[in-house]
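Q: Sequence lines, in order, name chains A and B.
Anchor point for the first sequence: position 52 equals 52 in the numbering used here, and the numbering is continuous, going up by one each time.
Anchor point for the second sequence: position 13 equals 151 in the numbering used here, and the numbering is continuous, going up by one each time.
Just so you know, not all the hints are guaranteed correct.
[Claimed, not checked] With a Cα cut of at most 25 Å, we get these calculated SDA-like pairs of lysine to any residue: (1) K182/B - P133/A; (2) K106/A - E39/A; (3) K106/A - K350/B; (4) K446/B - A98/A; (5) K109/A - K350/B; (6) K137/A - G304/B; (7) K350/B - I105/A; (8) K54/A - P281/B; (9) K182/B - Y425/B; (10) K561/B - L272/B; (11) K182/B - Q138/A; (12) K54/A - G351/B; (13) K446/B - L363/B; (14) K446/B - N418/B; (15) K182/B - I105/A; (16) K109/A - Y227/B; (17) K182/B - P206/B; (18) K109/A - S461/B; (19) K441/B - S466/B; (20) K54/A - P349/B; (21) K441/B - S461/B; (22) K528/B - A192/B; (23) K489/B - K444/B; (24) K467/B - I23/A; (25) K561/B - T186/B; (26) K444/B - S461/B; (27) K109/A - P349/B.
Read the hints as simulated data drawn from the structure, not as lab findings.
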Amino acid sequence: MIKERWKLALLLVAAATVLAGGIVYAQMRSGSYGSRNGESIAREAAPEFGVDGKYDAGSYPSFTPELAEGDGKQEAQSFCATCHSTRYIVMQPPLPAATWEAEVIKMIKTYGAPIPEATAKKITAYLQAHYTPENRKQ
Amino acid sequence: MERKTHSVSRRNALKFLGAAGSSLALANWTAGERALAHSTDGAKPLETFTGPGANPHWNSIGPYVVEPQKAPLILLTDRPVQLETPRHYFRTVFTPNQAFYVRWHLAEIPNAVDLAEWKLRVEGNVNKPMAFNLSDLLQKFQPASVAAVNQCSGNSRSRLQPRVPGGQWGNGAMGNAMWTGVRLRELLDAAGVKTGSLQVQFEGLDTGAGPKGFGSNRFMKSLDLTNTALDETVVAYLMNGEPLPILNGFPVRLVVPGYFATYWTKSLCCIRILEAPDDNFWMKTAYRIPDTPRGTTTPEDVKAGKVKTIPIERMPVRSFLISPDGSSKIPAGLGVTLGGIAFSGYGRVVKVEVSDDGGSHWKAAELGEDHGAYSFRSWQAAWTPKAPGKYVIATRATDEKGNVQPDEPVWNAGGYLWNRIEKQELVAGNANGGAQ
């Protein structure tokens, strides 16, 4: 008799545990971590200062993007980067071919960029081949 | 590599038992929803570019980067430096210096300034050309403070349709600070502006690699001497009570309350009195808006040469929902506080209204402390999503001149003056096991 009561009690405990486990399972999830490594940004130590009049913030870091591979990439990189980083290119939304042509003309005529005509044409064609709504890739 | 999805260890389950009790109602949470709950692996990175449609995000889409004296900010360009302030920094009325957006035009921007050498010159058509060092500015003039919003003319440019070239800012090319410095008029008086003078020109320490005489070589901005904005203009050496970060214009920058930031010359070194209108590129060609209501036009009219332009000046009225930002769900029935900021370059914000149905019905929000006509004004409104669903929160500000934010877009070739009513979708989820 006592043995059977024990069995029944054990069975009840086991059933309760399974039921409770099921409820918890449905209520929450924990212990799940992604396999992907997160991005991180390194921190820097505080600088040391002299008491002179010089206020120096150090150099500004470069974040040079990968331009699309293709004919004219070299020209775009070297001529455009005279005045600004090529991030100016990749920051733009996809622009129609005519807008890219106008941009290159603007750089030469309005901003005085010394780009030979043949090179300018090559740069325009490069931008039009990779950075328009029809052909730009994420 | 096996990806763990929703494993709950027995130990954790038992540990949790006591706390959770046995509320069977919650057991209806489906496996599908559970998988959505923490999807670190499934996290979707932002696009690398947006367009040709409008940028759908509050901020621009660049990565976070760390520049000198700055918290991680959103990168637009690295040379010259252009950085955008992330949305959450606008939870406070004053934008922290470390998080304040950055926009330079020319690549040769100062990395260091030697205050033993540095001088602020007041020259040109004056009786007595002056050269002040920082100590002169601190000691010879009564300090003046003003809370004022600095907003890039092209803030929100990535909203325009069709898209226009230029810095593809989201909404974070703005910030509000308490600026302290010397009143510009006092500096001009010290030098003595000669009669017959027309404009005052400002130039900073930045230069560019372009040839002389081009906008790619020097950046200069001018205002008419009769402009009343000059009466409120300050040459600031303090920003929120601290020296300016060099990327925001150390040692002094111009503060023109109400005006777009193009006039707020950074690392100001030269104040020049002109007898003739300034016809340098940055006045004559750049930073010009169509002379139309709201400065809006069409690509067709631009192409047809129909658009007469004028220099950009004051900032139209705007408002933003900052929190909640839509990055998480809100349980239906749980009251939250909608909060944000508003401002206008034409005077103080007197009303902010909030809608939860995309702008069909409006309710007045409560305005926060008044820090002056040109400051951000905080606002808040209690809101409870009654049922699960998607809600479109819209905000609309009115300034003391009666200017009200419209729901129509703006388009001009420069991508300036965007001030359309902002909308944010918020999702309310089930809080009661499906019963409503």
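Q: Confirm or reject each hint.
A: Hint check:
About 22 Å separates the Cα atoms of K182/B and P133/A, which keeps this hinted pair within 25 Å; it holds. With a CA separation close to 38 Å, the supplied pair K106/A and E39/A exceeds the 25 Å bound. Simply put, K106/A and K350/B have alpha-carbon atoms about 16 Å apart, close enough for the 25 Å limit, and the pair holds. Taken as a hint, the K446/B and A98/A pair is honoured in the structure, with Cα atoms around 23 Å apart against an allowance of 25 Å.
At most 25 Å may separate the alpha-carbon atoms for a hinted pair to count; K109/A and K350/B meet this at roughly 13 Å. Simply put, K137/A and G304/B have alpha-carbon atoms about 20 Å apart, close enough for the 25 Å limit, and the pair holds. About 18 Å separates the Cα atoms of K350/B and I105/A, which keeps this hinted pair within 25 Å; it holds. Restraint check for K54/A and P281/B: the C-alpha separation of about 24 Å stays at or below 25 Å, so the hint holds.
Note on K182/B and Y425/B: the hinted pairing is violated, with a Cα-Cα distance of about 37 Å set against a maximum of 25 Å. In summary, the hint linking K561/B to L272/B is not supported, as the alpha carbons are separated by about 45 Å, beyond the 25 Å threshold. Between K182/B and Q138/A the CA atoms are separated by roughly 13 Å; this keeps the pair inside 25 Å, and the hint holds. Note on K54/A and G351/B: the hinted pairing is violated, with a Cα-Cα distance of about 31 Å set against a maximum of 25 Å.
With a C-alpha separation of about 24 Å, the suggested pairing of K446/B with L363/B holds against the 25 Å cut-off. Simply put, K446/B and N418/B have alpha-carbon atoms about 18 Å apart, close enough for the 25 Å limit, and the pair holds. Taking the CA atoms of K182/B and I105/A, the gap is near 38 Å; set against the 25 Å cutoff, the hint is violated. Among the hinted pairs, K109/A with Y227/B is inconsistent with the structure: their alpha-carbon atoms are about 40 Å apart, more than 25 Å.
A C-alpha spacing of about 29 Å is found between K182/B and P206/B, which places the hinted pair above 25 Å, so the restraint is violated. This hinted pair does not check out: K109/A and S461/B have alpha carbons roughly 45 Å apart, beyond 25 Å. Between K441/B and S466/B the alpha-carbon distance is near 44 Å, which puts this suggested pair outside the 25 Å criterion. Note on K54/A and P349/B: the hinted pairing is violated, with a Cα-Cα distance of about 29 Å set against a maximum of 25 Å.
For the proposed pair K441/B and S461/B, the alpha carbon gap of about 41 Å is over 25 Å, so the pair is violated. A distance of roughly 21 Å separates the Cα atoms of K528/B and A192/B; the hinted pair therefore holds under the 25 Å criterion. Among the hinted pairs, K489/B with K444/B is inconsistent with the structure: their alpha-carbon atoms are about 36 Å apart, more than 25 Å. Distance hint between K467/B and I23/A is fulfilled; the C-alpha atoms sit about 23 Å from each other, no more than 25 Å.
For the hint linking K561/B to T186/B, the alpha-carbon distance of about 23 Å falls within 25 Å, and the restraint holds. Restraint check for K444/B and S461/B: the C-alpha separation of about 42 Å exceeds 25 Å, so the hint is violated. The suggested pairing of K109/A with P349/B holds, with an alpha-carbon distance near 11 Å, which does not exceed 25 Å.
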